[in-house]
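Participant: Heads up: the sequence lines are chains Y and Z, in that order.
The first sequence begins at 1133 in the numbering used here and counts up by one.
The second sequence begins at 11 in the numbering used here and counts up by one.
Rather than coming from a laboratory, the hints here were simulated on the basis of the structure.
All figures in this text were calculated on a predicted structure; none of them were measured in a lab.
Some hints could be false.
Cross-link-like lysine to any residue pairs, in silico, SDA-like; alpha carbons within 20 angstroms at most [claimed, not checked]:
(1) Z:K42 with Z:T27
(2) Z:K105 with Y:G1150
(3) Z:K105 with Y:F1154
(4) Z:K42 with Y:A1170
(5) Z:K421 with Z:R605
(6) Z:K105 with Y:A1152
(7) Z:K105 with Y:A1143
(8) Z:K105 with Y:I1173
(9) Z:K42 with Y:D1176
(10) Z:K42 with Y:T1171
(11) Z:K105 with Y:M1166
(12) Z:K49 with Z:T79
(13) Z:K105 with Y:L1158
(14) Z:K105 with Y:A1153
(15) Z:K105 with Y:D1160
(16) Z:K42 with Y:I1140
(17) Z:K42 with Y:G1168
(18) Z:K105 with Y:G1168
(19) Z:K105 with Y:A1169
(20) Z:K105 with Y:L1139
(21) Z:K105 with Z:K42
(22) Z:K49 with Z:Q102
(23) Z:K42 with Y:R1172
(24) Z:K42 with Y:W1156
(25) Z:K42 with Y:A1169
(26) Z:K105 with Y:S1157
(27) Z:K105 with Y:W1156
(28) Z:K49 with Y:S1157
(29) Z:K42 with Y:I1173
Residues of chain Z clear of chain Y, computed beta-carbon distances all greater than 10 angstroms [to be verified]:
(30) G33
(31) T79
(32) V113
(33) N120
(34) G131
(35) W164
(36) L184
(37) A187
(38) M373
(39) D422
(40) E458
No residue lacks a Cβ here, since even glycine has one placed at the ideal position from N, Cα and C.
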Amino acid sequence: MTGLAFLIPIAIGMGLMGLAAFLWSLRDGQYEDMDGAATRILIDEEDEL
Amino acid sequence: MNAPAPILADSPALISTRFTVPGMRCAGCIGKIERELPKVEGIIAARANFSAKRVAIQHDPALDETALTAALLAIGFEAQPVADNPLGVETQERKRLIRALGVAGFGMMNVMLLSVSIWSGADGPTRDLFHWLSALIAMPVIAYSGRPFFASAWMALSHRRTNMDVPISIGVILATALSLYETITGGGHAYFESAVMLLFFLLAGRVLDAVMRDRTRAGIGALLGRMGKSASVIGPDGTTRRVAAGELEPGMLVLVAAGEALAADGAVEDGASAIDNAMLTGESAPEPVAPGAIVHAGAINLSAPLRVRLTAVADDTAIAEIARLMDEAGQSRSHYVRIADRASRLYAPVVHSLAALAFVGWMIAGAGWHQSLTIAIAVLIITCPCAMGLAVPAAQVVASGALLRRGLLVKDGSALERLAECDIALLDKTGTLTLGTPRADIAALGAEARSVALGLAQASRHPLSQGLAAALLHEGVVPAVIDDLREVSGAGLSGRWNGVEVALERPDDAAQSLATRLRIGETAQTITFADPLRIDAAATLAALRAEGIEASILSGDRAAPVEAAARELGLAATAEVSPQAKLAALEALKAQGRRPLMVGDGLNDGPALAAAHASIAPGTASDASQQAADAVFIGEKLMPVALAVRVARATMRIVRQNFGFSIIYNVLAVPLALFGLVTPLIAAIAMSVSSLVVVANSLRLARAAR
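With the rest of the complex left out, here is chain Y:
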């Protein structure tokens, strides 16, 4: 039973980290242009080598 004392805070802490990451990405505008993100992967980079 003492294992719970570690495991539950870890579980909730990981959940909170996920939530924080989600809110951060939302604030950062990651969901502003979903269609654009899908098409951007097709753009060739034109780096002069």
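With the hints as your guide, set chain Z onto chain Y.
Facilitator: Only chain Z this time, still in chain Y's reference frame:
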């Protein structure tokens, strides 16, 4: 490799301007804009938003909007500067909902984790500990994520109305209160996970609804913005300055360049030109104007500069009068009650009296306060309209996504509901049944004549020249080099080609207004223009008839062309109708209990579009009409109109099936709850299964638009 989005650095010396660029269609376009624009002197960075079809440009303050528009045009994109309000209220609302959804998702997963261990046998102090932990997580999550529902329910109750959010809020609040009581007293059943899960599913429905609205608003916003928003005022000393439309005053003298839209009503003082009045009358043929002629705001000056003495500005213009009519006509639509709220008006009293009955029944049967209350709340939780909350938005989002791929933007869910109910259609002619732009008949021209005609036509902004140039370019004609090109307003274009006099001019016979004469040396040929019906107009009307909707034409055009179109399509027609009369015709139909669908594009259709039970406008329509319409279709085909009605009706069938399923589920689950057999585990399973079934059923609509 994935191309990284350029980062816009905040620098005080730079300013950022946003443009809407409707022509952005593929990855190549994004790449081109973001790579080529910064090569222009003064532009630091450009960032494209593909979903909203917008480009944010960071640039030197020395560059103005005109220069930036020109820079975008130079790389092949037509652009309009976006006015203020860069982040609309709607986007804020969607963000708030997504944040609430994220919080609810976090809460649901963690509380569920604790609940699963309770269900699998944890008891005694462990169960109490887990209940306390659940309460600590669930209470703030419910307080935060439940706000959209609580706020809306409070609004409804304070206006003595009820909506879907009232039973939801009551269910969630009572479930939380009971669970808290159970936790404090060390009882066996806490329903925290049910309450949080309910909020999560319902928020998912709300987010879908908001995403749908934002997506189409962005699409329509990208089409807007062609009206005159400022004018060049000529001062007493002959200098000109730009004045915003709202600051113009009667008596000012303004200079209207060729291609510019008028920002106020006035009388021509000097200059001869032709104006395109399609915005007001729906008439596609240009109208010649000379000193003394009355011109209205919204008209576009086509060929030569005009000096106009303003007579009416701002709220006194003919356009503003139409806008007022539209405002008043649109009022009736706000009284429309959405199907979800209609359902909850029937549903909420039944559920609430069942719960009350369960409480009274168990009290009479001798159960204690605590047990009776627990059972009554279990009834509320199990009947909480989780599937109902999803039934409508899930179906409408799938349907509007399917329609979007077919070129029809539906503004919101209420529009789909009203579209499904229409039983008669009224269509405008010019720009709706027809394309609205004159198309030249070039079959009779030889290769040489075509080349010369294109060389001449592409130099002018006159709609006939543009129609001719478009038809020729479509055939792959290469323009001839014309020297000495001159355009004389009202007369035509002339120039020299290989030393020969060539001209595009008005034909002698003035009755034929939609024609031009091509002269090469001594030979002359007449090119006629037609405003052809959209190619699938007849098929669309047949499809509408198959849905039981009879169509007729209601046009502001002259009688002759309207009758010709009506005869060709076999429709009844009324011509030369004023905007007020269109509005009156719709009001008369509504008074007879009919539900008219209005399809139109011109500003003269605006009040009718706003008053109709549902309305659709083509993407080429005036801004005001697109804003008044429930849906906008893009492209040269009319079929999206019939498709919209068919898909809207299919959507309502699915919505009714979803409701039907929710009711069957409740009929099965409520007896369990009434007899006190519902545990938190059963409530959680029932809730997720019913939600998944409703979503799966709605996904069938993705195929409906094919």
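Participant: Decide, hint by hint, whether the structure agrees.
Facilitator: For each hint, the structure was consulted:
With a C-alpha separation of about 18 angstroms, the suggested pairing of K42 (chain Z) with T27 (chain Z) holds against the 20 angstroms cut-off. For the hint linking K105 (chain Z) to G1150 (chain Y), the alpha-carbon distance of about 18 angstroms falls within 20 angstroms, and the restraint holds. Between K105 (chain Z) and F1154 (chain Y) the CA atoms are separated by roughly 12 angstroms; this keeps the pair inside 20 angstroms, and the hint holds. Among the hinted pairs, K42 (chain Z) with A1170 (chain Y) is consistent with the structure: their alpha-carbon atoms are about 16 angstroms apart, no more than 20 angstroms.
In summary, the hint linking K421 (chain Z) to R605 (chain Z) is supported, as the alpha carbons are separated by about 19 angstroms, within the 20 angstroms threshold. For the proposed pair K105 (chain Z) and A1152 (chain Y), the alpha carbon gap of about 15 angstroms is at most 20 angstroms, so the pair holds. The suggested pairing of K105 (chain Z) with A1143 (chain Y) is violated, with an alpha-carbon distance near 27 angstroms, which exceeds 20 angstroms. Our distance criterion of 20 angstroms between C-alpha atoms is broken by K105 (chain Z) and I1173 (chain Y), whose separation comes to about 25 angstroms.
For the proposed pair K42 (chain Z) and D1176 (chain Y), the alpha carbon gap of about 11 angstroms is at most 20 angstroms, so the pair holds. Restraint check for K42 (chain Z) and T1171 (chain Y): the C-alpha separation of about 13 angstroms stays at or below 20 angstroms, so the hint holds. Distance hint between K105 (chain Z) and M1166 (chain Y) is fulfilled; the C-alpha atoms sit about 14 angstroms from each other, no more than 20 angstroms. Restraint check for K49 (chain Z) and T79 (chain Z): satisfied, since their Cα atoms lie roughly 15 angstroms apart, inside the 20 angstroms limit.
Distance check on the hinted pair: K105 (chain Z) and L1158 (chain Y) sit about 8 angstroms apart at the alpha-carbon level, within 20 angstroms; holds. The straight-line distance between the Cα atoms of K105 (chain Z) and A1153 (chain Y) is roughly 15 angstroms, inside the 20 angstroms bound, and the hint therefore holds. Our distance criterion of 20 angstroms between C-alpha atoms is met by K105 (chain Z) and D1160 (chain Y), whose separation comes to about 12 angstroms. Pair hint K42 (chain Z) plus I1140 (chain Y) does not hold up; C-alpha atoms about 51 angstroms apart against a cutoff of 20 angstroms.
This hinted pair checks out: K42 (chain Z) and G1168 (chain Y) have alpha carbons roughly 14 angstroms apart, not beyond 20 angstroms. The straight-line distance between the Cα atoms of K105 (chain Z) and G1168 (chain Y) is roughly 18 angstroms, inside the 20 angstroms bound, and the hint therefore holds. Our distance criterion of 20 angstroms between C-alpha atoms is met by K105 (chain Z) and A1169 (chain Y), whose separation comes to about 18 angstroms. With a C-alpha separation of about 33 angstroms, the suggested pairing of K105 (chain Z) with L1139 (chain Y) is violated against the 20 angstroms cut-off.
At roughly 30 angstroms between alpha-carbon atoms, K105 (chain Z) and K42 (chain Z) are farther apart than 20 angstroms, so this suggested pair is violated. Restraint check for K49 (chain Z) and Q102 (chain Z): not satisfied, since their Cα atoms lie roughly 34 angstroms apart, outside the 20 angstroms limit. About 11 angstroms separates the Cα atoms of K42 (chain Z) and R1172 (chain Y), which keeps this hinted pair within 20 angstroms; it holds. For the hint linking K42 (chain Z) to W1156 (chain Y), the alpha-carbon distance of about 30 angstroms lies beyond 20 angstroms, and the restraint is violated.
Restraint check for K42 (chain Z) and A1169 (chain Y): satisfied, since their Cα atoms lie roughly 15 angstroms apart, inside the 20 angstroms limit. This hinted pair checks out: K105 (chain Z) and S1157 (chain Y) have alpha carbons roughly 12 angstroms apart, not beyond 20 angstroms. In summary, the hint linking K105 (chain Z) to W1156 (chain Y) is supported, as the alpha carbons are separated by about 12 angstroms, within the 20 angstroms threshold. At most 20 angstroms may separate the alpha-carbon atoms for a hinted pair to count; K49 (chain Z) and S1157 (chain Y) exceed this at roughly 30 angstroms.
Simply put, K42 (chain Z) and I1173 (chain Y) have alpha-carbon atoms about 14 angstroms apart, close enough for the 20 angstroms limit, and the pair holds. Interface exclusion of G33 (chain Z) from chain Y stands, the closest Cβ pair being 15 angstroms apart, more than 10 angstroms. Annotated as non-interface, T79 (chain Z) keeps its C-beta farther than 10 angstroms from every C-beta of chain Y; the closest such distance is 21 angstroms. For V113 (chain Z), the requirement that its beta carbon stay farther than 10 angstroms from each beta carbon of chain Y is not met, with the minimum near 7 angstroms.
Non-interface status of N120 (chain Z) relative to chain Y is broken: a Cβ of that chain comes within 10 angstroms, the nearest being about 5 angstroms off. For G131 (chain Z), the requirement that its beta carbon stay farther than 10 angstroms from each beta carbon of chain Y is met, with the minimum near 14 angstroms. Under the 10 angstroms C-beta cut-off, the non-interface status given to W164 (chain Z) relative to chain Y holds; the minimum distance is some 26 angstroms. At roughly 26 angstroms from the closest C-beta of chain Y, the C-beta of L184 (chain Z) stays outside 10 angstroms, upholding its exclusion from the interface.
Distance to chain Y confirms A187 (chain Z) as a non-interface residue, since its nearest Cβ pair spans about 24 angstroms, more than 10 angstroms. The non-interface label for M373 (chain Z) is consistent with chain Y: the shortest C-beta to C-beta separation is roughly 39 angstroms, beyond 10 angstroms. Every CB of chain Y lies more than 10 angstroms from the CB of D422 (chain Z), the least distance being 20 angstroms, so the non-interface label holds. The non-interface label for E458 (chain Z) is consistent with chain Y: the shortest C-beta to C-beta separation is roughly 42 angstroms, beyond 10 angstroms.
Violated hints, in rising order: 7, 8, 16, 20, 21, 22, 24, 28, 32 and 33; the structure is consistent with all others.
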